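Asks: First to last, the sequence lines map onto chains P and L. Take the first sequence: its position 67, counting from 1, is numbered 66 in numbering that gives the first Met the number 0, and each next residue is one higher. Take the second sequence: its position 97, counting from 1, is numbered 96 in numbering that gives the first Met the number 0, and each next residue is one higher.
FYI, nobody ran anything at the bench for these hints, they're computed from the structure. Being a predicted model, the structure only gives us computed values, none of them experimental. Treat the hints with care, since some could be wrong.
Unchecked claim - A short, non-exhaustive set of chain P residues, derived as facing chain L with CB atoms under 10 Å:
id, residue
1, LEU163
2, ARG166
3, ALA174
4, HIS176
5, GLY179
6, LEU291
7, ASN292
8, PRO294
9, ALA295
Said to hold, decoys possible - Label pairs and their in silico Cβ distance ranges:
id, chain 1, residue 1, chain 2, residue 2, range
10, L, ALA79, P, LEU124, 44 to 54 Å
11, L, ARG403, P, ALA85, 18 to 28 Å
12, P, ALA85, L, ARG127, 41 to 51 Å
13, P, ALA85, L, ALA79, 29 to 39 Å
14, L, PHE180, P, ARG234, 36 to 46 Å
15, P, ALA218, L, ALA79, 45 to 55 Å
16, P, GLU173, L, GLU234, 32 to 42 Å
17, L, VAL370, P, ARG284, 31 to 41 Å
18, P, ARG284, L, ASP135, 24 to 34 Å
Unchecked claim - Calculated Cβ distances over 10 Å to all of chain L for the following chain P residues:
id, residue
19, VAL8
20, LEU92
21, PRO121
Think of the CB as a built atom: it goes at the ideal place given N, C-alpha and C, for glycine as much as any other residue.
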Amino acid sequence: MDHVTAILVSVLLAAAPLLFAALGELVTEKSGVLNLGVEGMMLVGAVCGFAVTAHSGHAALGILAAALAGMALSALFALLTLVLLANQVATGLALTLFGVGLSALVGKPFVGTPLEKLPDLPLPLLSHLPLLGPLLFDRDPLIYLAALLTLAVGWLLARTRAGLVVRAVGENPEAAHALGYPVRLIRFACILFGGAMAGLGGAYLSLAYTPMWAEDMTAGRGWIALALVVFSTWRPGRLVLGALLFGAFTIAQLHAQALGLAVPPEFLAMLPYLATILVLVLISRDAARIRLNAPAAIGKTFHPDH
Amino acid sequence: MPPDASVPRLALTGISKSFPGCRANDGVGLTLMPGEIHALLGENGAGKSTLVKIIYGVLQADSGQMAWDGRPVSIASPAAARRLGIGMVFQHFSLFDSLSVAENIALGLDRPGPMKALVRRIAAVSARYGLALDPDRPVHSLSVGERQRVEIVRCLLGEPRLLIMDEPTSVLTPQEVDGLFAVLRQLAAEGRTILYISHKLDEIRALCGRATVMRAGRVVGSCDPAATTSRAMAEMMIGTGLAVPRRGPQSAPARDTVLELHHLFTTSDDPFAVTLADVALSVRAGEIVGIAGVAGNGQAELLSALSGEARSPDPGMIVIGGVAAGHLGPRARRSLGLAFVPEERLGRGAVPEMSLADNALLSGYGSGGMVRRGLVRFGRARRYAERVIQHFGVATRGHATPARALSGGNLQKFIIGREILQNPRLLIAAQPTWGVDAGAAAQIHQALLDLAQGGTALLIVSQDLDELFTLSDRIAVMHGGRLSATTPVDQTTVEQIGLRMGGIFEERTETDHASS
Chain P
0 MDHVTAILVS VLLAAAPLLF AALGELVTEK SGVLNLGVEG MMLVGAVCGF AVTAHSGHAA
60 LGILAAALAG MALSALFALL TLVLLANQVA TGLALTLFGV GLSALVGKPF VGTPLEKLPD
120 LPLPLLSHLP LLGPLLFDRD PLIYLAALLT LAVGWLLART RAGLVVRAVG ENPEAAHALG
180 YPVRLIRFAC ILFGGAMAGL GGAYLSLAYT PMWAEDMTAG RGWIALALVV FSTWRPGRLV
240 LGALLFGAFT IAQLHAQALG LAVPPEFLAM LPYLATILVL VLISRDAARI RLNAPAAIGK
300 TFHPDH
Chain L
0 MPPDASVPRL ALTGISKSFP GCRANDGVGL TLMPGEIHAL LGENGAGKST LVKIIYGVLQ
60 ADSGQMAWDG RPVSIASPAA ARRLGIGMVF QHFSLFDSLS VAENIALGLD RPGPMKALVR
120 RIAAVSARYG LALDPDRPVH SLSVGERQRV EIVRCLLGEP RLLIMDEPTS VLTPQEVDGL
180 FAVLRQLAAE GRTILYISHK LDEIRALCGR ATVMRAGRVV GSCDPAATTS RAMAEMMIGT
240 GLAVPRRGPQ SAPARDTVLE LHHLFTTSDD PFAVTLADVA LSVRAGEIVG IAGVAGNGQA
300 ELLSALSGEA RSPDPGMIVI GGVAAGHLGP RARRSLGLAF VPEERLGRGA VPEMSLADNA
360 LLSGYGSGGM VRRGLVRFGR ARRYAERVIQ HFGVATRGHA TPARALSGGN LQKFIIGREI
420 LQNPRLLIAA QPTWGVDAGA AAQIHQALLD LAQGGTALLI VSQDLDELFT LSDRIAVMHG
480 GRLSATTPVD QTTVEQIGLR MGGIFEERTE TDHASS
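Chain P with its partners taken away, still in its complex shape (with noise of 0.2 Å):
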């Protein structure tokens, strides 16, 4: 593998997890649902996936708990905002808090314990391929399945029945309720898979990115995945584009470290976030394209009864 090609799969490989737990908000947002409780998802997701591989020694169970604990917190957000009427942007931020504490707690036993990096898997002629090969058909299942899930997604959302229900409930929740769709069903359903991909994504980071397990290791990257739900305007496509240049920008302030350049590393290492900044600046001049794919009723209660 050349250089070049190392640091694009390096760029891939960042972009993973927040793909996976980007692409989760995404379906829970775009059914009116605002779960800021990602960071926390995440990290459950992160250290349950490091737990149950280190005790089992099977990646897949791991990859399976770290998508069930993340499902498991969702259900608590989806009773707490959906069944009890809480907050969601309140409860949001407690789900983060909670997640950030019960992973400390859990991983406790786990800081220090080295694994094996969940390994690769050449995709048989597929990665033979001259420069795409390497690239993109000899990695890890993980990296496949956020393609396929990504695929998956438009595709339902865009085109399908299920995926035009979840738009409707996300833009007028009211009028779907008088049209007889199970709104709240439709949005518990919706709010799980949120909470799954947050799992997976960081389960990425526990079993593939960088295989152990430490206090806080997304270091804030369940936040970049809500905005980057905003960067892509609520458009799956566009959030992959999202997650690499985010992956771009984490890539390359680590390669500028290494360089030594004559620039603080703490402020090399808040690149990411002051592009993202930057980036959702930019996206929301543009009030036309907002209104066109926000969910109208996202972060708002829904009261079935009235």
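We have chain P; now place chain L onto it with these hints.
Replies: Relative to chain P, chain L alone:
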């Protein structure tokens, strides 16, 4: 269709439904026969909406029986209602703004089939019934009238055997209403039943074979609308005599001009928006000028240009009380004596979650001394709200009630009252009685006539021609972003104005374009 036409399509007996603090339906009985067009009449809050929601499965009755084609049924959900063959056009449109027309229609069907076939079916139905629609357009770019067409087409695609129509004609031209009536009669002749809810008594008399009248949750009578006068029906509805708005003696001519528009035009980035072109108009003190037109012909653009929400390219295009105001914002225009009643009561005319006192403060803070040195004087705001409530007979528990708790008619009385008590030089009102019951509409009309009598200039933008002919001294018509010259109301007829609203004498090619 069932073989026996003497079995009621739907028979309700003893339907009751209570909400906390209110008995919305109390032992309601209603019988709908196949092929019948049946009117359901009643003021806002009489329980019509609750009854209709029970029929459509949105709400469940506390007690009572329903029989469909003679067999007892319970309708647990709108989907169950649609399976029986019940379709409904909602009064408050149940549409999704960011979705396309075709997607919106697909959501209202239980088996919409592939999108391409659905688009063809939509085109077929809209052509058959003359309801022009572009299936690919997003709903947020449609006018109120066009949105209603989406609802109607969505319903017709479900092949309903009972079609519930909640105030369907409020946004149509007289000619379009005639077209819709032809459609409804055709549907009835096919054996379908139509339950028709409207406040427009003349329409009910022209269309419906039977009418059931509700008041305070109960059925108070039924009649043959064709053999009953509008006035008698209105009085049955409100339970007392109806005050017909009366004009005072004609005011003296040649008063000061309060509002002048000179070559007003607008531009827009939105490819679907209507833009105004060369609009000219003048309104004098003590005069009411009406602007007629089908929704989506530039009224919204004209209103936001007038209110100051959109600034004009040149200050001199809009002159209020002799001052060039085109560059001024809403607040500066209000200080010139402008008062404004927008079309959307909730969200624009009033903040739904805020109390009436706070809502009074929103537009009245300047004239009522309700704000001093940046601090709100809540006592004054409360007293001002109480004054509006008393003066205009707003039925509410008091100034602390949130705006959304008021019925449409009561809230509109409050909003118009709030503007009138500021003694404006110029009042601009959009759809002042849209969706408002007959009693409240009469009160609002009287208040507007009295205001003009007192020397205020009034500009009324409405799609209700009866309203414009009741109120206006002169009428102009908007079509395709252009405004016709005004005609004195006694020199024209509803038919002439209606034809102009359809663009018959002008801009014919544009109408054809819009319906293609």
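Asks: Give a verdict on every hint.
Replies: Structure-based check of each hint:
Below 10 Å, beta-carbon pairs count as interface contacts, and P:LEU163 has one with chain L at about 6 Å; its hint therefore holds. The closest approach between the C-beta of P:ARG166 and any C-beta of chain L is roughly 6 Å, which is under the 10 Å cut-off, so the hint is satisfied. Interface hint status for P:ALA174: upheld, as the beta-carbon distance to the closest one in chain L is roughly 4 Å, under 10 Å. Taking 10 Å as the C-beta cut-off, the interface hint given for P:HIS176 holds, the closest approach to chain L being about 8 Å.
Hint status for P:GLY179 relative to chain L: holds, with the closest Cβ pair at about 3 Å, below 10 Å. About 6 Å separates the beta-carbon of P:LEU291 from the nearest beta-carbon of chain L, less than 10 Å, and the hint is met. The restraint placing P:ASN292 at the interface with chain L holds, with a minimum CB-CB distance near 7 Å, inside the 10 Å limit. Given the 10 Å rule on beta carbons, the hint for P:PRO294 holds: about 8 Å separates it from the nearest Cβ of chain L.
Residue-level restraint check for P:ALA295 holds (minimum Cβ-Cβ distance to chain L is 6 Å; threshold 10 Å). Evaluation of the 44 to 54 Å hint for L:ALA79 and P:LEU124 yields a pass: the beta carbon distance comes to about 53 Å. Evaluation of the 18 to 28 Å hint for L:ARG403 and P:ALA85 yields a pass: the beta carbon distance comes to about 22 Å. The beta-carbon spacing between P:ALA85 and L:ARG127, approximately 49 Å, falls within the hinted interval of 41 to 51 Å.
At roughly 32 Å, the beta-carbon separation of P:ALA85 and L:ALA79 lies within the given 29 to 39 Å, and the hint holds. Under the hint 36 to 46 Å, the C-beta atoms of L:PHE180 and P:ARG234, about 44 Å apart, fit the expected range. Taken as a hint, the range 45 to 55 Å holds for the pair P:ALA218 and L:ALA79, whose Cβ atoms sit roughly 51 Å apart. At about 35 Å, the beta-carbon gap between P:GLU173 and L:GLU234 stays in the expected band of 32 to 42 Å.
Between L:VAL370 and P:ARG284 the C-beta distance comes to about 34 Å, which sits within the given range of 31 to 41 Å. Range check, P:ARG284 to L:ASP135: Cβ separation about 26 Å, and the 24 to 34 Å hint holds. Annotated as non-interface, P:VAL8 keeps its C-beta farther than 10 Å from every C-beta of chain L; the closest such distance is 38 Å. The non-interface label for P:LEU92 is consistent with chain L: the shortest C-beta to C-beta separation is roughly 23 Å, beyond 10 Å.
Separation of P:PRO121 from chain L is adequate, the least Cβ-Cβ distance of about 39 Å exceeding the 10 Å criterion.
No hint from the list above goes unmet by this structure.
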